[in-house]
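Participant: Chain A is fixed; fit chain B onto it per the hints.
These are the residues of each chain, in order.
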Amino acid sequence: MAVAYHEPMLPVPHRVRRMTWETDDTFTMELVAAGGGGITSFAPGQFNMLYVFGVGEAAISMSGSPSNPETLLHTTRAVGSVTKALASLHPGQLIGVRGPYGVSWPVDEAEGRDIVIITGGIGLAPLRPLIYTLIEQRERFGNITILFGARTPDEILFRDEIEQWRRRFDMDVLITVDRASRDWRGRLGVVTTLIPQSPFDPKNSIAYVCGPEVMMYFTLEALEKRGMPRERVFVSMERNMKCGLGFCGHCQLGPKFVCKDGPVFRWTEVASLLDIREI
Amino acid sequence: MEQEQEQPIERMLRGHDFTDGLSDGHVARLASMASLQTFHADERVLKAGERADRCYLIQEGQIAIEIYHPTRGGVPIQTLGEGKVLGWSWLVKPYRWTFDAMTYTFTRAIVLDGVRLREAMEADPEFGYPLAMRFMEVCAERVSHSRLQMIDMFDPH
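Going down the list, the sequences are from chains A and B. Be aware that the first sequence starts at 1, since it is given in this note's numbering, and climbs by one per residue. Be aware that the second sequence starts at 1, since it is given in this note's numbering, and climbs by one per residue.
Same shape as in the complex, but just chain A:
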């Protein structure tokens, strides 16, 4: 994957153009380069290091369209010191951006196959650029199915966009939530419950999975039960990334650096590593 930066450790100033709150604790930042040197291209699944001056950096996936790399979208949840500082920014303020980094979702490998995207919670954000790409190149693929799980109906990310995707005639979008009152008339249960009935042919499909590690683990089990070969399942891993370049070792997962060798991995590359609790 081509990487569009010149000095990898030097943050490029970007200005916050817009802040959109997606849920109570999750927001999308729209960033534009304040001068020159902005990102000119990125691939779905890659991330940037966002630097809040005086606070620190955090690795955040791109959540916008790769067709419009000049406007960077990052969707994240305000949970740590950096993401809380990001959440408090207002349009016009500056942050530093390094990137794009990491291995992207393999799009070409999906050509001619059914595609199933399985995600939960904030995990939809790193997959949204992929979904944009698949829609733009729709004729290259078989059935496209998106299975999305959220904690509650109020925590469904990108709700308006999901509704647009559901209205399309060329893809299936199934939603479930873990908790809800009777007011919610949709599906109730974990996202893995959607897998058995989904319209994809496991013999000729590719799966892209992103969410909490425990969700991915049980998702992969359900995919295997459905007959999906492990080598056609891709996951996006999350570890504490610092340098983004595979130098510092903060994001090491056994012999892998998640920032450089990932965050997207073929399931066969990391399955055995995830069974080792010590790493």
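Rather than coming from a laboratory, the hints here were simulated on the basis of the structure. A portion of the hints provided could be inaccurate.
To be verified - Derived SDA-like pairs (lysine to any residue); straight-line CA-CA distance at most 25 Å: (1) A:203 <-> A:179; (2) A:242 <-> A:54; (3) A:225 <-> B:69; (4) A:225 <-> B:27; (5) A:225 <-> B:35; (6) B:47 <-> B:138; (7) A:225 <-> B:139; (8) B:47 <-> A:37; (9) A:225 <-> B:61; (10) A:225 <-> B:51; (11) A:203 <-> B:141; (12) A:203 <-> B:14; (13) A:225 <-> B:140; (14) B:93 <-> B:61; (15) A:225 <-> B:136; (16) A:242 <-> A:37; (17) A:225 <-> B:67; (18) B:93 <-> B:67; (19) A:242 <-> B:155; (20) A:242 <-> B:133; (21) A:225 <-> B:93; (22) B:47 <-> B:28; (23) A:260 <-> A:139; (24) A:225 <-> B:141; (25) A:225 <-> B:83; (26) A:225 <-> B:68; (27) B:93 <-> B:156; (28) B:93 <-> B:44; (29) B:47 <-> B:33; (30) B:47 <-> B:124; (31) A:203 <-> A:224; (32) B:47 <-> B:69; (33) B:47 <-> B:125; (34) A:225 <-> B:77; (35) A:203 <-> B:137; (36) A:225 <-> B:33.
Said to hold, decoys possible - Far from chain B by the CB rule (all over 12 Å, computed), these chain A residues: (37) 54; (38) 122; (39) 152.
Quick caveat, the model's predicted, so the values are computed rather than measured. No residue lacks a Cβ here, since even glycine has one placed at the ideal position from N, Cα and C.
Facilitator: Just chain B, lined up with the frame of chain A:
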């Protein structure tokens, strides 16, 4: 007349995920204990504490399993749709439903007579064992899904 009614149900049973891999003879035997039932949205299907004497193989629609809470009313836990099985309390003592179930949408299901089925499974282990294992799989899957819901995996804290 009876045979004419049984044939379509047998075909429907064969098309349901629950019978996948069952022998033709076993499916035919199940069909002899089966009937069809439809529900409108918001109809009660099961009520906790009542006698459990049937099992539903859902063909279409959504049914919510609920627990009744004195102040919150019916609290939905899970929904079940096409291809799923609702109800296994007819198989274990004291044969009483442990949850409520309500339809969310129009629902069509194959209903198995739980009392006749239990008796047939007990009398003929060659018929009963594979079925018991299937119901065991249903229970195991339900427990696994409930555990995942309990750990609240999308909570960042």
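Participant: All hints, please: hold or fail.
Facilitator: Hints versus structure:
1. A:203 <-> A:179: Distance of about 33 Å is beyond 25 Å: violated.
2. A:242 <-> A:54: The hint holds at about 16 Å.
3. A:225 <-> B:69: Roughly 35 Å between the alpha carbons, so the hint for residue 225 (chain A) and residue 69 (chain B) is violated.
4. A:225 <-> B:27: holds, 23 Å
5. A:225 <-> B:35: violated, 30 Å
6. B:47 <-> B:138: With Cα atoms ~20 Å apart, residue 47 (chain B) and residue 138 (chain B) stay inside 25 Å; holds.
7. A:225 <-> B:139: holds, 17 Å
8. B:47 <-> A:37: The hint is violated at about 65 Å.
9. A:225 <-> B:61: At roughly 24 Å apart (the allowed maximum being 25 Å), residue 61 (chain B) and residue 225 (chain A) satisfy the hint.
10. A:225 <-> B:51: violated, 34 Å
11. A:203 <-> B:141: Measuring from Cα to Cα gives roughly 24 Å; hence the hint holds.
12. A:203 <-> B:14: Answer holds: residue 203 (chain A) to residue 14 (chain B) is near 23 Å, not above 25 Å.
13. A:225 <-> B:140: OK: residue 225 (chain A) and residue 140 (chain B) at ~14 Å, within 25 Å.
14. B:93 <-> B:61: At roughly 29 Å apart (the allowed maximum being 25 Å), residue 61 (chain B) and residue 93 (chain B) break the hint.
15. A:225 <-> B:136: Roughly 16 Å between the alpha carbons, so the hint for residue 225 (chain A) and residue 136 (chain B) holds.
16. A:242 <-> A:37: Holds - the C-alpha atoms of residue 37 (chain A) and residue 242 (chain A) are around 21 Å apart, at most 25 Å.
17. A:225 <-> B:67: violated, 30 Å
18. B:93 <-> B:67: Status holds; Cα separation ~20 Å.
19. A:242 <-> B:155: Distance of about 24 Å is within 25 Å: holds.
20. A:242 <-> B:133: Distance ~50 Å between residue 242 (chain A) and residue 133 (chain B) Cα, so the pair is violated.
21. A:225 <-> B:93: violated, 31 Å
22. B:47 <-> B:28: violated, 30 Å
23. A:260 <-> A:139: violated, 31 Å
24. A:225 <-> B:141: holds, 12 Å
25. A:225 <-> B:83: Answer holds: residue 225 (chain A) to residue 83 (chain B) is near 16 Å, not above 25 Å.
26. A:225 <-> B:68: Between residue 225 (chain A) and residue 68 (chain B) the Cα gap is close to 33 Å, so the pair fails against 25 Å, i.e. violated.
27. B:93 <-> B:156: violated, 40 Å
28. B:93 <-> B:44: holds, 23 Å
29. B:47 <-> B:33: Status holds; Cα separation ~22 Å.
30. B:47 <-> B:124: Distance ~30 Å between residue 47 (chain B) and residue 124 (chain B) Cα, so the pair is violated.
31. A:203 <-> A:224: holds, 11 Å
32. B:47 <-> B:69: holds, 13 Å
33. B:47 <-> B:125: Distance of about 30 Å is beyond 25 Å: violated.
34. A:225 <-> B:77: holds, 24 Å
35. A:203 <-> B:137: holds, 24 Å
36. A:225 <-> B:33: Outside the cut-off at roughly 30 Å; violated.
37. 54: At roughly 24 Å from the nearest Cβ of chain B, residue 54 (chain A) sits farther out than 12 Å, so the non-interface label holds.
38. 122: The assertion about residue 122 (chain A) is violated, with a minimum of 8 Å to chain B.
39. 152: violated, 9 Å
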